[in-house]
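**Q** Chains as they are written, first to last, in the numbering used here: chain A, 1 to 285; chain B, 1 to 336; chain C, 1 to 295.
Incorrect hints may appear among the rest.
To be verified - Simulated pairs of lysine-lysine, DSSO-like, Cα-Cα distance not exceeding 30 Å:
hint, chain 1, residue 1, chain 2, residue 2
1, C, Lys-204, A, Lys-135
2, B, Lys-82, B, Lys-125
3, C, Lys-198, A, Lys-166
4, B, Lys-24, A, Lys-262
5, A, Lys-135, A, Lys-166
6, A, Lys-98, C, Lys-198
7, B, Lys-124, B, Lys-82
8, C, Lys-27, B, Lys-24
9, A, Lys-135, A, Lys-98
10, B, Lys-124, A, Lys-255
11, A, Lys-98, C, Lys-27
12, B, Lys-328, B, Lys-305
13, A, Lys-166, C, Lys-157
14, A, Lys-255, A, Lys-12
15, C, Lys-27, A, Lys-135
16, A, Lys-262, C, Lys-34
17, C, Lys-27, A, Lys-166
18, B, Lys-117, B, Lys-82
I should point out that these hints are in silico values taken from the structure, not numbers from a laboratory. This structure is a prediction, so every number in the text was calculated from the model and none was measured.
Residue-level listing of the chains:
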Amino acid sequence: MSDAIPAPGTQKARLLEVENLVKEFGVRRGLAEVVARKKLDPHRAVDDVSFTLDRGEILGIAGGSGSGKTTMARCLIRLIEPDGGAIEVDGINIRDHKGAELRELRRRMQMVFQDPYASLNPRMTVGAALHEAGKVHNRPGSEDEDAFVSRLLGLVQLSDRLASRKPGELSGGQRQRVSIARALAVDPEMIIADEAVSALDVSVQAQLLNLFLDLREEIGVAILFISHQLAVIAEVADRIAVMQHGRIVETGPTKEVFAHPKDEYTQALLRAHPHPDPRQRFVAS
Amino acid sequence: MSLLEIEALRVEFPGEDGPLGAVKGVDLAVEAGEVVGLVGESGSGKSLTCRAVMRMIPEPGQIAGGSVRFDGSDVLGLSTSKLRDLRAHSIGMIYQNPFGSLNPTLRVGAQIAETLKVNRGMAKKAAQAESLALLERVGIEDPEHRYRAYPHELSGGMCQRVMIAIATASSPRLMLADEPTTALDVTTQAQILKLLGQMRAEEGMAMLLVSHDFGVIAQACDRVAVMYGGHIVETGPVETIYHEPEHPYTKALLNSVPELDSAGNVQRRAALGGHPPELSDVIPGCVFAPRCEHARPGCESISMKLEKVGPAHDSACPVRPYAAENSKANTERVEA
Amino acid sequence: MSATPATPIEVAPAAARPKRSVLGRIKRWPTSVKVGVGIVGVLALAALFAPLIAPYGPNELDPFSLLSSPSSQHLFGTDDTGRDVFSRTLYGLRLDIGLVLLVTYVPLPFAVLAGALAGYFGGWVDMIVSRLADIMISFPFIVLAIAFVAIVGPGVKGFLIAVPIAAWALYARLARTEMLVIREQPFMMATTALGYSKTRAIVKHGLPNVIRPCLVYTTIDLVGNLILLSGLSYLGFGVQPPTAELGGIIAEGQGYLLNAWWIATLPGLVLVLFGVGVGLIGEGFSDRGLSRGEP
């Protein structure tokens, strides 16, 4: 592991601390309900969520649709404004800041999205997009565009030749790598991968999972890995938090949670998992 | 005679410099009562192969060659009315998007009843009663209430059950399922797979199940056909494919599949480099050769013909790099 | 940050579409577009070089050939004062194309920007822009144009003012809708995550993607404006005689349709041809999805 990562559990190791995070969406009331003056409780997409992420750690967030995991991820960088709770990066609450300080905090927590086809500006070449990220944040090395872009492409195992291409000329896996490179261009300490491999073919997915592991080892970046697929989380995550209906129902080291799930929902998820092995069937054939 | 026989099927799309082959000569058979899984990545042609059976290739693609025979009779040459008959009574289809496949402006009960009235000629009252029975059979609770619901009022899983109800209303002998659980939560997916297994056991229905998910295929299928770049590269019983694959692509793909057991032992998987070919890529000989670690000189001139490599087990790879270890494992298993 | 680079998996990225030369890209255009470009190209060049090509001046009189039919001397014949119709057509086309390009493309950036801002910010910005646009669109356009001409006086000024005032609303709306869609795309969300300023997000990332459908629409608009200008001139509200302008020429030739059909018909055909050419280009591009930015 990289020397940059302090020992787990120590105070210096703590990168992100989320406490009692809440996001509510107002429920739209039908005419009949307005007339009857019914008071409807707003829907809590994120309901009192707390967790931590250490430097260099990979935390998996598992859950189905409606679990609130994507909403929660967007709240962390305030793409969506949370309604309650604290989000502390190295002790600094991102909710308290705006302007330049907010930008700086955001720089440290970059996001990679699910859809490789919509995550890159179709009109910009790969090199221009990567360089722009470095330039905007005045990253060291960004004065030399070619070297800067080359280094980033190397980090995500892509050839320099792709720098002059536009996203339309790349495959899904290549685009995701470029999205990761763009996130890395600003030297983040943490990457939020929101279903980042879910839209990829299995063989390409395996490459990208290896890439995440490589990045954690080479540059010590922490990863918040959100996925609805337990097996994918099993491949990369040190720890896992399982979400259901906006709450975290169970958390712990991945191996432990999978071997001895305590929560009913976790157990149901594990029972329903279709093992890619015909010798372990749950359907009577 | 198999229930479904596909021979040398070719599906093409118009391209700038000539037609592009999406399905390039596929041979596949499904026996009565059997569940055959068609697995592959994007561009493999699996979805198009499935749709070709009912001649439902989306424009501007078209079937460019080969034959499809259902119960002995040719499907590709059927008249429109006979084709409609086939679709109505003999073959059913369920799709990936549960909401998109139901009419959002009609109540679900009405949609099931419509099939019954049109395809089974039932009278209104009888159709209604049968619809309720069907809803119950596909495991929807409180069917009287749900009968009157609109699709958007139901969950994805329930809509999928409704779709299954509609598709099985005429007791088809073959069900085509194109990624039927991809859009569903894992718990719902398990329920739907169980339901399909149940219906198959009760009705003796055969199924062609298309999926990119190796877990789903392993859970539900008797036999598996692996597709890559428009060709079938390997077919065999599900256990054989998963545990003694012959084709390098099958083996590499299986190695890439994430497993729960990896939790805690973060071993790197030896990932396959590159990515599946695009429609416009022209690859001479074996379509997988550019990415194959066992490729030999000569691989660029082989045809993608399936050759027998074991009982009911065919592979398109003449190199057979795993033949030795597979026969060893086989012998050990037989002796055990 | 010391990184030990892993061996690149993607050294030779397979299946990337080969970069084509400009000539190759042009060859791939659909036939209708090529025909359209051909027509427009020829006419535009003829119009541009009118002073060099036209055998006579636009108001040059040939008193010995009044109302003479098309001949080798006068390709389109002459009118009642002996002016060469072909030369007048060329000069008229020149004026028309120039004015129409001006009136279509000059207001475009402002309209697109207004619409893009409305789409990006929503709120009161959107409210103001959208309401203004709604008002403009609901106005019957010809009435507006004529009203302006009545205020400003005859001549091109009325046209040059009226058209942008009405047309901006359409472009603003188009741009707004595009921006609403693009705003939800992950690459726009990434600009926030990456800490880019809103200005950068809108100008560098939003606008280039928003403007494409607007540009496609300008081809329809061009033709519409051309017809409008000719129509206004025909009615006597636009370009005033004796300046050569296609609509004006047609108006003058109207009275002679029976005995000197060439005065009205031939310039009219040129007008139609130009419109068809532009229309083919616009239709061809939007059919192929080029308005969405695919190669």
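**Q** Against this structure, judge whether each hint is valid.
**A** Cross-check of the supplied hints:
no.: 1; hint: C:Lys-204 <-> A:Lys-135; verdict: holds (14 Å)
no.: 2; hint: B:Lys-82 <-> B:Lys-125; verdict: holds (28 Å)
no.: 3; hint: C:Lys-198 <-> A:Lys-166; verdict: holds (23 Å)
no.: 4; hint: B:Lys-24 <-> A:Lys-262; verdict: violated (50 Å)
no.: 5; hint: A:Lys-135 <-> A:Lys-166; verdict: holds (19 Å)
no.: 6; hint: A:Lys-98 <-> C:Lys-198; verdict: holds (14 Å)
no.: 7; hint: B:Lys-124 <-> B:Lys-82; verdict: holds (25 Å)
no.: 8; hint: C:Lys-27 <-> B:Lys-24; verdict: holds (29 Å)
no.: 9; hint: A:Lys-135 <-> A:Lys-98; verdict: holds (21 Å)
no.: 10; hint: B:Lys-124 <-> A:Lys-255; verdict: violated (56 Å)
no.: 11; hint: A:Lys-98 <-> C:Lys-27; verdict: violated (52 Å)
no.: 12; hint: B:Lys-328 <-> B:Lys-305; verdict: holds (25 Å)
no.: 13; hint: A:Lys-166 <-> C:Lys-157; verdict: violated (44 Å)
no.: 14; hint: A:Lys-255 <-> A:Lys-12; verdict: holds (25 Å)
no.: 15; hint: C:Lys-27 <-> A:Lys-135; verdict: violated (38 Å)
no.: 16; hint: A:Lys-262 <-> C:Lys-34; verdict: violated (68 Å)
no.: 17; hint: C:Lys-27 <-> A:Lys-166; verdict: holds (21 Å)
no.: 18; hint: B:Lys-117 <-> B:Lys-82; verdict: holds (18 Å)
Comparing the model with each numbered hint stated earlier shows that hints 4, 10, 11, 13, 15, 16 do not hold.
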